[in-house]
Amino acid sequence: MTTFHDPTKPKHVADRFENKHDAPAGSSAVVATTEEVRITTPPEICGMGHRMKRKEDPRFIQGKGNYVDDIKLPGMLYMDIVRSPYAHAKILNIDASAALAMPGVLAVITGKDLAAHGLHWMPTLMSDTQMVLPTEKVVYYAQEVACVIATSRYIAADAIEQVVVDYEPLDVVVDPYKALDDEVIIRDDKELKTNRIWHWEVGDKDATDAIFANAAHVVKQYMHIPRIHVASIETCGMVANYNPATGKMQLYMTTQAPHAIRTVFALVSGLPEQKIQVISPDIGGGFGGKVPVYPGYVVCAVASLLIGKPVKWIEDRSENLQADSFARDYHLEAELAADANGKIVGLRVNGLADHGCADAAANPSKFPAGLFSICTGSYDLQAAHVNFDAVYTNKPPGGVAYRCSFRVTEAVQMIERMTDMMAHDLNIDPAEYRMNNFIKADAFPYMSPTGWEYDSGNYHAALRKAMDMIGYEELRKEQAEKRARGELMGIGISSFTEVVGAGPSRDYDILGIKMFDSAEIRIHPTGKAIARFGTKSQGQGHETTYAQIIAEELGLPANDIEVEEGDTDTAPYGLGTYASRSTPTAGAAAAMAARKIKAKAKKIAAHLLEVNEDDLEWDVNKWQVKGSPEQAKTIQEIAFAAYTNHPQGMEAGLEATDYYDPPNLTFPFGSYICVVDIDSGTGEVKVRRFVAVDDCGNIINPLVVEGQIHGGLTMGLAPALYEEIVYDENGQCLTGTLADYLLPTAVESPKWETGHTITPSPHHPIGAKGVGESPTVGAPPAIANAVVDALWHLGVRHIDIPITPEKVWQALRDAGVTE
Amino acid sequence: MIPGEFDYHSPRTLQEAVGLLQQHGDGAKIVAGGQSLIPAMRFRLALPEVLIDINTIDGLEYIREDDGHLMIGALTREADLEESALVQQKYHLLADAARVIADPVVRNRATVGGNLAHADPANDHPAVMLAYNAELIALGPNGTRAIPIDDFFVDLFENALADNEILTEIRIPTPGPGSGGAYYKVERKVGDYAISATAVQLTINGNTCTAARIGLTNVSAVPMRATGAEQALIGKQITDEVLEAAGQAAAAECDPSPDLRGSVAYKRDLTRVVIKRAIRQAVERAQGG
Numbered sequence: 001m002t003t004f005h006d007p008t009k010p011k012h013v014a015d016r017f018e019n020k021h022d023a024p025a026g027s028s029a030v031v032a033t034t035e036e037v038r039i040t041t042p043p044e045i046c047g048m049g050h051r052m053k054r055k056e057d058p059r060f061i062q063g064k065g066n067y068v069d070d071i072k073l074p075g076m077l078y079m080d081i082v083r084s085p086y087a088h089a090k091i092l093n094i095d096a097s098a099a100l101a102m103p104g105v106l107a108v109i110t111g112k113d114l115a116a117h118g119l120h121w122m123p124t125l126m127s128d129t130q131m132v133l134p135t136e137k138v139v140y141y142a143q144e145v146a147c148v149i150a151t152s153r154y155i156a157a158d159a160i161e162q163v164v165v166d167y168e169p170l171d172v173v174v175d176p177y178k179a180l181d182d183e184v185i186i187r188d189d190k191e192l193k194t195n196r197i198w199h200w201e202v203g204d205k206d207a208t209d210a211i212f213a214n215a216a217h218v219v220k221q222y223m224h225i226p227r228i229h230v231a232s233i234e235t236c237g238m239v240a241n242y243n244p245a246t247g248k249m250q251l252y253m254t255t256q257a258p259h260a261i262r263t264v265f266a267l268v269s270g271l272p273e274q275k276i277q278v279i280s281p282d283i284g285g286g287f288g289g290k291v292p293v294y295p296g297y298v299v300c301a302v303a304s305l306l307i308g309k310p311v312k313w314i315e316d317r318s319e320n321l322q323a324d325s326f327a328r329d330y331h332l333e334a335e336l337a338a339d340a341n342g343k344i345v346g347l348r349v350n351g352l353a354d355h356g357c358a359d360a361a362a363n364p365s366k367f368p369a370g371l372f373s374i375c376t377g378s379y380d381l382q383a384a385h386v387n388f389d390a391v392y393t394n395k396p397p398g399g400v401a402y403r404c405s406f407r408v409t410e411a412v413q414m415i416e417r418m419t420d421m422m423a424h425d426l427n428i429d430p431a432e433y434r435m436n437n438f439i440k441a442d443a444f445p446y447m448s449p450t451g452w453e454y455d456s457g458n459y460h461a462a463l464r465k466a467m468d469m470i471g472y473e474e475l476r477k478e479q480a481e482k483r484a485r486g487e488l489m490g491i492g493i494s495s496f497t498e499v500v501g502a503g504p505s506r507d508y509d510i511l512g513i514k515m516f517d518s519a520e521i522r523i524h525p526t527g528k529a530i531a532r533f534g535t536k537s538q539g540q541g542h543e544t545t546y547a548q549i550i551a552e553e554l555g556l557p558a559n560d561i562e563v564e565e566g567d568t569d570t571a572p573y574g575l576g577t578y579a580s581r582s583t584p585t586a587g588a589a590a591a592m593a594a595r596k597i598k599a600k601a602k603k604i605a606a607h608l609l610e611v612n613e614d615d616l617e618w619d620v621n622k623w624q625v626k627g628s629p630e631q632a633k634t635i636q637e638i639a640f641a642a643y644t645n646h647p648q649g650m651e652a653g654l655e656a657t658d659y660y661d662p663p664n665l666t667f668p669f670g671s672y673i674c675v676v677d678i679d680s681g682t683g684e685v686k687v688r689r690f691v692a693v694d695d696c697g698n699i700i701n702p703l704v705v706e707g708q709i710h711g712g713l714t715m716g717l718a719p720a721l722y723e724e725i726v727y728d729e730n731g732q733c734l735t736g737t738l739a740d741y742l743l744p745t746a747v748e749s750p751k752w753e754t755g756h757t758i759t760p761s762p763h764h765p766i767g768a769k770g771v772g773e774s775p776t777v778g779a780p781p782a783i784a785n786a787v788v789d790a791l792w793h794l795g796v797r798h799i800d801i802p803i804t805p806e807k808v809w810q811a812l813r814d815a816g817v818t819e
Numbered sequence: 001m002i003p004g005e006f007d008y009h010s011p012r013t014l015q016e017a018v019g020l021l022q023q024h025g026d027g028a029k030i031v032a033g034g035q036s037l038i039p040a041m042r043f044r045l046a047l048p049e050v051l052i053d054i055n056t057i058d059g060l061e062y063i064r065e066d067d068g069h070l071m072i073g074a075l076t077r078e079a080d081l082e083e084s085a086l087v088q089q090k091y092h093l094l095a096d097a098a099r100v101i102a103d104p105v106v107r108n109r110a111t112v113g114g115n116l117a118h119a120d121p122a123n124d125h126p127a128v129m130l131a132y133n134a135e136l137i138a139l140g141p142n143g144t145r146a147i148p149i150d151d152f153f154v155d156l157f158e159n160a161l162a163d164n165e166i167l168t169e170i171r172i173p174t175p176g177p178g179s180g181g182a183y184y185k186v187e188r189k190v191g192d193y194a195i196s197a198t199a200v201q202l203t204i205n206g207n208t209c210t211a212a213r214i215g216l217t218n219v220s221a222v223p224m225r226a227t228g229a230e231q232a233l234i235g236k237q238i239t240d241e242v243l244e245a246a247g248q249a250a251a252a253e254c255d256p257s258p259d260l261r262g263s264v265a266y267k268r269d270l271t272r273v274v275i276k277r278a279i280r281q282a283v284e285r286a287q288g289g
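Note that the protein sequences, when read in sequence, are chains C and E.
For the first sequence, the working numbering begins at 1 and goes up steadily by one.
For the second sequence, the working numbering begins at 1 and goes up steadily by one.
Isolated chain C, as found in the complex:
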C-alpha cells in the first residue's frame, strides 16, 4: 500500500508565472470580467470569437465518419470474448476443444497462452496491475476469460459459447466498507494480503481540527457519489494489423491518448516504438472511458502479432457497460464548519474510493484521488483536510475521469451540497449565502487551503447573472405561494470551480510522461496550412477551434487550415484529450507555434519590403510598415516567398512546432440554477428550468462552447436523476443494457438556458480555459440541491444521487406526505 501526502504543496505565485509565454511575470493584477466575446478578425478569416459551424460536422451528419468499426482490411479476422459469469471464482479448467473444432475458428487464446509471453498481466495507468486474461481466478463479473479468433464475426460469436470453463465460486466482496475488513482478499497475487490500495491525505489536519473545535455551526453528511459509466455512443474496439514482412504493427484503436498508448505498448510488448503506429480515427465519444487500455485491446494486438493477419475486436453495448472502467464511486463523510457569523471556515472529508479489482484510474501519477483536493470549491475557507482510503472490490477496475478533471465532480457534488445544507440550516437564502462566502474577485490569484493557485475568477458576477437570467427573486416568491398550497417546487444552485488543463510538468505525469501537449503547423506555399496535434478530438470540435486559434494568430482563414490528430506516425507527441486539457495545453501550443511562424514571417516580410524588421507592425493577417500600411505583405504572400524568395541564409519553409508546458492549470467556473417540480404522489422530479452561466475565459467559438455545455448539462442531469451501475450481492451487474442503465434523452432534458461571463486566464497565451467538463461537473449538485430545497421544510436534509422517484417517494412518506 502506498501512502501519499500533500502532493499539491503551495507554490509561490511568481514562480508559477515564470514561463516562456507572454503572461505578465509575477502578475497579481485582477483580471477584468466582461460579457462581450472579443472578435478581432473579419468573418472570412474566422479567428477567435466567431460562431463558425464545425468543420467536422458535414462528414458526421452524412454518416461518412470513419470509426474503428469502419476499418476493413483484406484477410481480416474477428475476435470475440468469453466472459466470466462470476464476480469472484477460481478457474479450474478451460476446455476450448469444441470451439477449436468449429470451421472458421483459428485460435482460442487464454491466460496461459499469454503467460508464455509474459503478457497475462498489464500495468494500469496508476502503476497498479490488472489481468489481461486470468490464469488463476476471475475477480469481476463479465471479466475477460478467453478470446476466440475466427474468420467471421458470427463464427466468433458462436464459438465463445463452445468454450467450456469450470469455475469454483469464491466469496464476493461488493461493499467497499466490508473490503476494509480483509476477510476476503481479492488481490492475493500481491505480496501484501490486504484489499487496501492507498491512503492519501491533503491539507492541514491540526488547523482544521482546531477550527472545528471552535466552530459555531457544523453540518455533517455521508454521501455516495455513485458508480456510473461514460456510455459513449461508440463502444471500444481495435483493428490490429501486424505485417510480418515489415515488422510494423498498426493499431486502429478507440483511444483518447494515442501517443501515450504507443509508448506503453512498446514498453509492455517489447516491439520497437518506431514499428508501432497507433491510429485513432474518428471517435464517437470518449469521456475518459477511452483513456485506459482494456484487455480486449491487448489480446487483439497479440492475436495479430501471432497470426500475422489483421484482427478486429469491437465490444458490444453490454460488454462496454459491464466490463469497461467505471467512474466516480466515492463514499464521502463530509463536515463543514461556519463561524458565529455564518461564514464558512473549515472542511473535513473522509473518503473511501471503491476501485474495483484494480486501481485503473487515469489520474496524473502523483494524485491518487485525482484533483479531489479542489474540494474547497468557490469559497474562501481557512483550513481543510481530506483523508482518503482506496480499496479493491469484486467489480471492474477503474475509475476513470468521466468528463471530469480527475475527481472534481465528486468534490463539487460534496462542497455544493454541504454549502447548501449550511445555508438552509442557518436559514439564509442559498444564493445570498454563496455571495457571502465566495472568494472575492480581487483575491485572485487565490491560494486555496489545499494548495491550489486559482488563476482568475469572478464568482459573484456569474451567480448574479444566473439569478437575473432565471428571475431568482420571483421564483422564490412563486415557491412560497406554492408551498402554502402544498405544492413542491425547489430551486437549486451550484457555483462550481473547475480545475483543468493538466498540467505543469513539475507535478503532472502519466506513467512518468510529462503532461505537456503539442502543435505542429506547416504553411504551404499557396498560403494554406496543415496543423497536427498531440491531442485527439472525440467530438470536442478540435478541427474547428484549433483552426480558429491559428486563424486568430496568423490571419489565415480557418477554412484554409486542415487540422489532423490521432496518427502517431504523423502527429507530434502529446498526452491526448481528456480532463478538459486540450485548449489549455494543445490550444496554447497552437498559439505559440503560430507566434513562432509569425516571427519568421516578419523576417521574410522585412526582406520583401526591404525595410528593417523593427519598422513592421502586425495587422490581422499581414506585416505592414508602420505609418504606411499600404506597404504590407499578407501571410499568404509571405508563405509563397518562404518557398520561392526567402532571404539568403534563412531556412526555406514556414513551419513551427511547440511543446507547451503550462505554468499552471486553468480554473473555469460557473453558476447554475435549476428549478424542479416534484409530484408528491409518485415521487417524480421534473426539471422545469435550468440556467447555466459559464466562465471559461476567452471564448474561441461560442457555438462550440454552447454545444459542449448543452451536451455536458445532459450528462450532468444523467447521474443526478437516472444513472447508476448497480450490482447485486453476488457482484452481478444489474445494469448491463441501456434498458437498465438509464441515459436521459431529449424528452427528459429541459431547455438548457446558457449564458457566460468572460474572465480570461492570465497565464494562458490566448486567455482561454477548458470548458468541456464544467457542465458535467456543475449540473448534478444544482439538481440535487433543488430537490432538497423543495423538501427541506418537510425535514429532508439530503438525498443521494441518482434521485429516483422511489427515493423521493420514500422521503415524502417518511415526512407523512401522501396523495
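Note that these hints are calculated values from the structure, not bench results.
Taking CB as the label site, the calculated pair distances span:
1. E:8 x C:737: 17 to 27 Å
2. C:60 x E:71: 36 to 46 Å
3. E:83 x C:180: 51 to 61 Å
Glycine included, every Cβ here is placed at the ideal spot set by N, Cα and C.
Given chain C, put chain E in place with the hints provided.
Showing chain E alone in chain C's frame:
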C-alpha cells in the same frame, strides 16, 4: 449481441405463414415489429430455429370502425395508432397509451399485435385491451377464432395462441354514451417500461359508475385486471373516498416484483396513486370533460 443461427422466411400470404408454422412447430417464431423478439435473439435469450417475417403480408395494417367495433390489424404500427384521428376522437384510453408506449423510434416499427402476442405484463397494450374487453382474432389451419382478452394471457410471455395460429386482428367494442377511458403511466424515462401504469374504461350514468374495467401494467407476472378496484367503483358515485378505496384495492391485489424501478411497497403505493389519477381522468371524459 450476435443472434444464433436461424432460417428466415417471408411469406406473402397468411395461409403461407400458417403453413410454415405447421411445418416448423414451436421452433418457429413470428416476427412483426421485432422490437421485443430481436433484442431477445441478440442476447440469445430467444433462439428460434425459424423466423417467419409477416411484414411482407399485405392487408394486416389498418385501423377502422365496423359493426360497433374498432378493428386494428395486427401489423398496425404503434405510430399509426398514435396518429389516428379516429382513435384520438373516440378511443381516449388507447390514444393515451399510444403516446407513451416505448419511444417514438420504437413506435415506428413496433406493432399492436406484437405488443399483445408477446404477453409481457410490462407492455402497455395488455392492460389497455383488458380494460376495453377486446377480442383477439387468430387464424389457424382450421380458420379463424375469436379469443376474449380475459382468456388470452396464460403466463409470463405465454399466450392462448396455438403453435400454428397467427394473431391477425384486435377488436375493441366502441364505447357507448357516458363512457370514458384513460391510461396513466409512470416511467423512469421515455422508453422504459412502466414502474406502474393503469388502464381504465368506465361508464357513468347520472353520477353513478355503471361499468368499469381496469387493467394494470407491470405489477404482476401475467397481465391482470384489478377486479377489486372495479368492484369498488361499480354502482358508486366517484367520490374521493371511493377513489381511495379503489386505489387501495388495486394496491392490495397487484403482485409486483422488486427491481431497479422500485420496491414492492413503492410499486403498490404507486399503483394506488396512478389508478386514482386514471379513474379521475376517465370520469371527466365520461362526463364530457
